[in-house]
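Top to bottom, those sequences are chains A and B.
Residue numbers for the first sequence follow the working numbering, so the first one is 7 and each next one is one higher.
Residue numbers for the second sequence follow the working numbering, so the first one is 9 and each next one is one higher.
Careful: at least some of the hints might be erroneous.
[Said to hold, decoys possible] Per label pair, the in silico range of CB-to-CB distance:
| # | chain 1 | residue 1 | chain 2 | residue 2 | range |
| --- | --- | --- | --- | --- | --- |
| 1 | A | Gly34 | B | Ile254 | 45 to 53 angstroms |
| 2 | A | Gly34 | B | His340 | 56 to 64 angstroms |
| 3 | A | Arg53 | B | Val119 | 34 to 42 angstroms |
| 4 | B | Asp324 | A | Glu46 | 36 to 44 angstroms |
| 5 | B | Ala136 | A | Arg53 | 18 to 26 angstroms |
| 6 | A | Glu26 | B | Gly122 | 25 to 33 angstroms |
| 7 | A | Glu26 | B | Trp45 | 50 to 58 angstroms |
| 8 | B | Ala136 | A | Val42 | 38 to 46 angstroms |
| 9 | A | Arg53 | B | Ala82 | 40 to 48 angstroms |
| 10 | A | Gly34 | B | Gln331 | 40 to 48 angstroms |
| 11 | B | Ala136 | A | Gly34 | 44 to 52 angstroms |
| 12 | A | Arg53 | B | Arg151 | 46 to 54 angstroms |
| 13 | B | Gln168 | A | Glu46 | 53 to 61 angstroms |
| 14 | B | Glu335 | A | Glu46 | 43 to 51 angstroms |
Rather than coming from a laboratory, the hints here were simulated on the basis of the structure.
Positions of the beta carbon are idealized from the N, C-alpha and C atoms, including for glycine.
For reference, the chains in residue letters:
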Amino acid sequence: MSTKRAQKGSFESSLKRLEEIVDSLEAGKVSLDEAVELYEEGIRLSRECAERLKATELKIRKLAKSAGEDLEHEEADKE
Amino acid sequence: MATNEKATMNDAPQALSVSDITRQIKASLEQRFGRIWVQGEISNFKHHTSGHMYFTLKDESAQISAVMWRSRIASLLFTPEDGMKVIARGGITVYPPRGNYQIDVEQLTPVGLGELQVAFERLKRKLAAEGLFDESSKRPLPRFPSRIGIITSETGAALQDLRTVLARRFPSIDVVLLPVRVQGVGAAEEIAEALHRMNRYGGADVIIVARGGGSLEDLWAFNEEIVARAIAASRTPVVSAVGHEIDFTIADFVADLRAPTPSAAAEMVVPDRNEILDVLRNYEYTMRQEALQLIEGHRARVNGLVSSYELNRPKDMVREFAQKLDELTRVHAMHTSHLFDRTKQSYDALRKRLAGVSPEGILQRGYAIVRRGDAVISRARLLHHEDETTLQFQDGSVKAKVQ
Numbered sequence: 007m008s009t010k011r012a013q014k015g016s017f018e019s020s021l022k023r024l025e026e027i028v029d030s031l032e033a034g035k036v037s038l039d040e041a042v043e044l045y046e047e048g049i050r051l052s053r054e055c056a057e058r059l060k061a062t063e064l065k066i067r068k069l070a071k072s073a074g075e076d077l078e079h080e081e082a083d084k085e
Numbered sequence: 009m010a011t012n013e014k015a016t017m018n019d020a021p022q023a024l025s026v027s028d029i030t031r032q033i034k035a036s037l038e039q040r041f042g043r044i045w046v047q048g049e050i051s052n053f054k055h056h057t058s059g060h061m062y063f064t065l066k067d068e069s070a071q072i073s074a075v076m077w078r079s080r081i082a083s084l085l086f087t088p089e090d091g092m093k094v095i096a097r098g099g100i101t102v103y104p105p106r107g108n109y110q111i112d113v114e115q116l117t118p119v120g121l122g123e124l125q126v127a128f129e130r131l132k133r134k135l136a137a138e139g140l141f142d143e144s145s146k147r148p149l150p151r152f153p154s155r156i157g158i159i160t161s162e163t164g165a166a167l168q169d170l171r172t173v174l175a176r177r178f179p180s181i182d183v184v185l186l187p188v189r190v191q192g193v194g195a196a197e198e199i200a201e202a203l204h205r206m207n208r209y210g211g212a213d214v215i216i217v218a219r220g221g222g223s224l225e226d227l228w229a230f231n232e233e234i235v236a237r238a239i240a241a242s243r244t245p246v247v248s249a250v251g252h253e254i255d256f257t258i259a260d261f262v263a264d265l266r267a268p269t270p271s272a273a274a275e276m277v278v279p280d281r282n283e284i285l286d287v288l289r290n291y292e293y294t295m296r297q298e299a300l301q302l303i304e305g306h307r308a309r310v311n312g313l314v315s316s317y318e319l320n321r322p323k324d325m326v327r328e329f330a331q332k333l334d335e336l337t338r339v340h341a342m343h344t345s346h347l348f349d350r351t352k353q354s355y356d357a358l359r360k361r362l363a364g365v366s367p368e369g370i371l372q373r374g375y376a377i378v379r380r381g382d383a384v385i386s387r388a389r390l391l392h393h394e395d396e397t398t399l400q401f402q403d404g405s406v407k408a409k410v411q
């Protein structure tokens with residue numbers, strides 16, 4: 007997976023890629039160069055995932071009732 | 009007056025035929041009301057041999073004729089009887105031959121508890137037989153959903169519960185709400201339509217259909233076939249979260265996952281942020297350990313090679329040669345010194361022999377050298393009477409006169 011795709015991927019795909027990397031490293035069947043690359047990619051993915059978990063405010067949007075599939079924004083206010 | 013009368017006469021509406029007025033009434037009523045829900049009590053129930061059902065819906069002060077055609081009776085989950093309270097969904101139609109209006113019933117839902125339970129069991133059996141509850145048809149939930157679709161009342165407790173738990177466990181989650189009525193007439197249709205819409209929208213990777221606790225009647229929309237079919241048809245996995253732990257609805261059986269409460273649904277659908285952060289930390293630790301171990305492994309291999317016998321053989325050879333060289337040097341030195349000693353001995357012997365033949369050596373053996381002036385006199389005839397001579401001995405010289 008390229009860097010660009012990894013950044014655009016969902017949280018799940020990032021985490022899945024991270025799991026693959028950890029598995030490959032654990033299996034120990036990679037060359038030293040590959041291992042270094044995998045390690046760097048893994049750490050970057052891990053930091054990205056952690057970053058995505060940082061949001062503290064839940065946002066709820068409302069799917070418009072109209073025929074279109076547009077999303078209307080709703081303030082995540084606590085009624 | 010006359011003019012008025014005349015005018016009246018001239019403007020007198022033309023008499024309509026009975027058919028005309030009936031047609032107008034029919035058009036007017038049918039357009040005005042469209043699809044309606046009517047609650048009332050069944051009376052004069054007749055199941056005609058043709059298969060159609062005819063009855064009257066009534067309350068304390070009014071009544072309306074009702075007909076349910078044979079084709080729709082297949083969806084009926086209970087047997088209507090006089091005295092039953094029901095909700096009929098359908099349209100108002102006018103039957104010209106009799107000049108009466110009636111409700112053309114599409115769907116009949118019981119209101120009484122007993123009838124509801126019967127209807128529940130019948131629908132459950134029917135859908136089970138169709139395989140809608142099969143475990144094999146359950147779609148797996150995403151482990152880490154990025155967007156959740158919620159179908160519930162905008163003002164209900166269920167949404168608040170969902171909001172609270174989602175905000176606590178995974179606040180970065182994207183939530184899309186499709187507000188619906190969750191009880192009362194038309195609620196089931198709204199919920200079913202919302203499920204279809206959420207699927208058409210396609211952005212949610214899991215859908216929660218939720219409603220807070222309530223009586224069997226309150227929860228009834230989730231026991232209706234239209235909702236069950238919409239859940240079964242959903243491409244996106246559906247989690248049902250209706251009522252309390254003890255409440256089971258048909259939606260629960262069809263859903264891919266049944267959550268006992270809305271709060272529980274939120275817990276089942278999203279992971280806990282802190283748990284994921286722990287997982288990430290573990291992954292980082294593992295990756296670091298594995299990478300270090302790999303590097304250490306390579307280092308050990310390199311060290312192993314460096315200290316291997318084969319790689320060190322040339323060095324050993326050099327050392328061996330050096331040692332040999334030292335040895336040779338020593339041997340050579342030894343030989344050289346022997347030679348010197350021998351040469352010195354020879355020299356000393358020669359020197360002694362030489363000393364034996366030198367003048368000093370002769371003097372030491374008792375001979376003396378006779379000189380006249382500086383000249384050495386080696387023959388007696390060379391001396392004459394009264395010659396002044398010098399006699400040199402080994403320890404010194406004396407003067408002598410020849411006689």
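Open item on the list: Can you tell me whether the CB distance of glutamate 26/A to glycine 122/B sits inside 25 to 33 angstroms?
Closed with: violated (57 angstroms)
Task: Cβ distance range 40 to 48 angstroms for glycine 34/A and glutamine 331/B, holds or violated - done: Hint holds: Cβ distance 45 angstroms, inside 40 to 48 angstroms.
Task: Satisfaction of the hinted span 45 to 53 angstroms by the C-beta atoms belonging to glycine 34/A and isoleucine 254/B - done: holds (52 angstroms)
Open item on the list: Given the hint of 43 to 51 angstroms, is the C-beta distance from glutamate 335/B to glutamate 46/A inside that range or not?
Closed with: Given about 58 angstroms between the Cβ atoms, the range is violated.
Task: Status of the given 38 to 46 angstroms range, CB of valine 42/A versus CB of alanine 136/B - done: violated (56 angstroms)
- [ ] Hint says 56 to 64 angstroms; check whether the CB-CB distance for glycine 34/A and histidine 340/B agrees.
- [x] Holds, at about 59 angstroms.
Open item on the list: If I claimed the Cβ atoms of aspartate 324/B and glutamate 46/A lie 36 to 44 angstroms apart, would that claim hold in this structure?
Closed with: Given range 36 to 44 angstroms: holds, Cβ gap about 43 angstroms.
Open item on the list: The hint says 34 to 42 angstroms between arginine 53/A and valine 119/B; measuring C-beta to C-beta, is that right?
Closed with: violated (58 angstroms)
Task: C-beta pair glutamine 168/B, glutamate 46/A: status relative to the range 53 to 61 angstroms that was hinted - done: violated (44 angstroms)
Open item on the list: Tell me if the beta carbons of arginine 53/A and alanine 82/B are separated by a distance inside 40 to 48 angstroms.
Closed with: Violated, since arginine 53/A and alanine 82/B (Cβ atoms, about 59 angstroms apart) do not stay within the stated range.
Open item on the list: 50 to 58 angstroms was suggested as the range; check whether the CB atoms of glutamate 26/A and tryptophan 45/B agree with it.
Closed with: Between glutamate 26/A and tryptophan 45/B, where Cβ atoms are some 54 angstroms apart, the hint holds.
Task: Range hint compliance [Cβ, alanine 136/B to arginine 53/A, 18 to 26 angstroms] - done: violated (49 angstroms)
When each numbered hint is compared with the structure, violations occur for hints 3, 5, 6, 8, 9, 12, 13 and 14.
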